[in-house]
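These protein sequences, in sequence, are chains A and B. Just so we're aligned: 21 in the working numbering is position 21 of the first sequence, and the numbers increase by one with no gaps anywhere. Just so we're aligned: 1109 in the working numbering is position 109 of the second sequence, and the numbers increase by one with no gaps anywhere.
Think of the hints as simulated: they come from the structure by calculation, not from any bench. Note that the structure is predicted; figures quoted are calculated from it, not measured. Be a bit skeptical, because a hint or two may be false.
[What the hints assert, rightly or not] Facing chain B, from chain A, some residues (calculated, C-beta under 10 Å): (1) Glu-5; (2) Asp-7; (3) Ser-12; (4) Thr-27; (5) Ser-28; (6) Gly-103.
[Said to hold, decoys possible] In silico DSSO-like cross-links for lysine-lysine, where the CA-CA straight-line distance does not exceed 30 Å: (7) A:Lys-26 to A:Lys-56; (8) A:Lys-99 to B:Lys-1079; (9) A:Lys-69 to A:Lys-56; (10) A:Lys-26 to A:Lys-69; (11) B:Lys-1080 to A:Lys-99; (12) A:Lys-70 to A:Lys-56.
Idealized CB from N, CA, C, for every residue including glycine.
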Amino acid sequence: SQQGEEDPQALSIQEGENATMNCSYKTSINNLQWYRQNSGRGLVHLILIRSNEREKHSGRLRVTLDTSKKSSSLLITASRAADTASYFCATDDGQGAQKLVFGQGTRLTINP
Amino acid sequence: SQTIHQWPATLVQPVGSPLSLECTVEGTSNPNLYWYRQAAGRGLQLLFYSVGIGQISSEVPQNLSASRPQDRQFILSSKKLLLSDSGFYLCAWIHGAGGLNYGYTFGSGTRLTVV
Chain A
1 SQQGEEDPQA LSIQEGENAT MNCSYKTSIN NLQWYRQNSG RGLVHLILIR
51 SNEREKHSGR LRVTLDTSKK SSSLLITASR AADTASYFCA TDDGQGAQKL
101 VFGQGTRLTI NP
Chain B
1001 SQTIHQWPAT LVQPVGSPLS LECTVEGTSN PNLYWYRQAA GRGLQLLFYS
1051 VGIGQISSEV PQNLSASRPQ DRQFILSSKK LLLSDSGFYL CAWIHGAGGL
1101 NYGYTFGSGT RLTVV
């Protein structure tokens, strides 16, 4: 079953605006990760946040984690056309084999 | 540096034909290896994972099988393809110990169309 569920399924904004995507999950986690996928390509790891962290930054990316609500958000600031891609959250329950369960993804379109 | 190779990039196969997709990792030893499938416009479904040579764990019962004949080689197979096997197949790896702290590294994927 899918652990992470992203919201919205699709998001279209103008270049320069901020994009926010949300992820909800169901069970306890060890960490939560965000990945990016350009059309027809493999996924690329963006950022990881551990269960004992509440916020993390990497360049124009900001991730928050609320374990009490079992939710996370990914904020991309000052969006660019090159940010157009699908974004997935994935959770690790820390139960061994280091398996990730991925959500359905958010399709982000940045309009120039 | 570590690299992951996945081939072929695209494949069109008739129903009932066999399948063999290969994934190899270079520049590391004893990686954890994973096969995922992605339906069009959907998330990723974990199919198989392996923590060592000859060690295969199946996540979803289906028409597919996996093997790991060498430390850095992971193969996805089927004896007879079904239409429902169509999808985008992705291989991924991490270091065996604590690798998940750095995230998965994915191959470029194989788009399989069963006709």
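Structure versus earlier hints - violations, ascending order: When the structure is compared with the hints, numbers 2, 3, 4 and 5 turn out to be violated.
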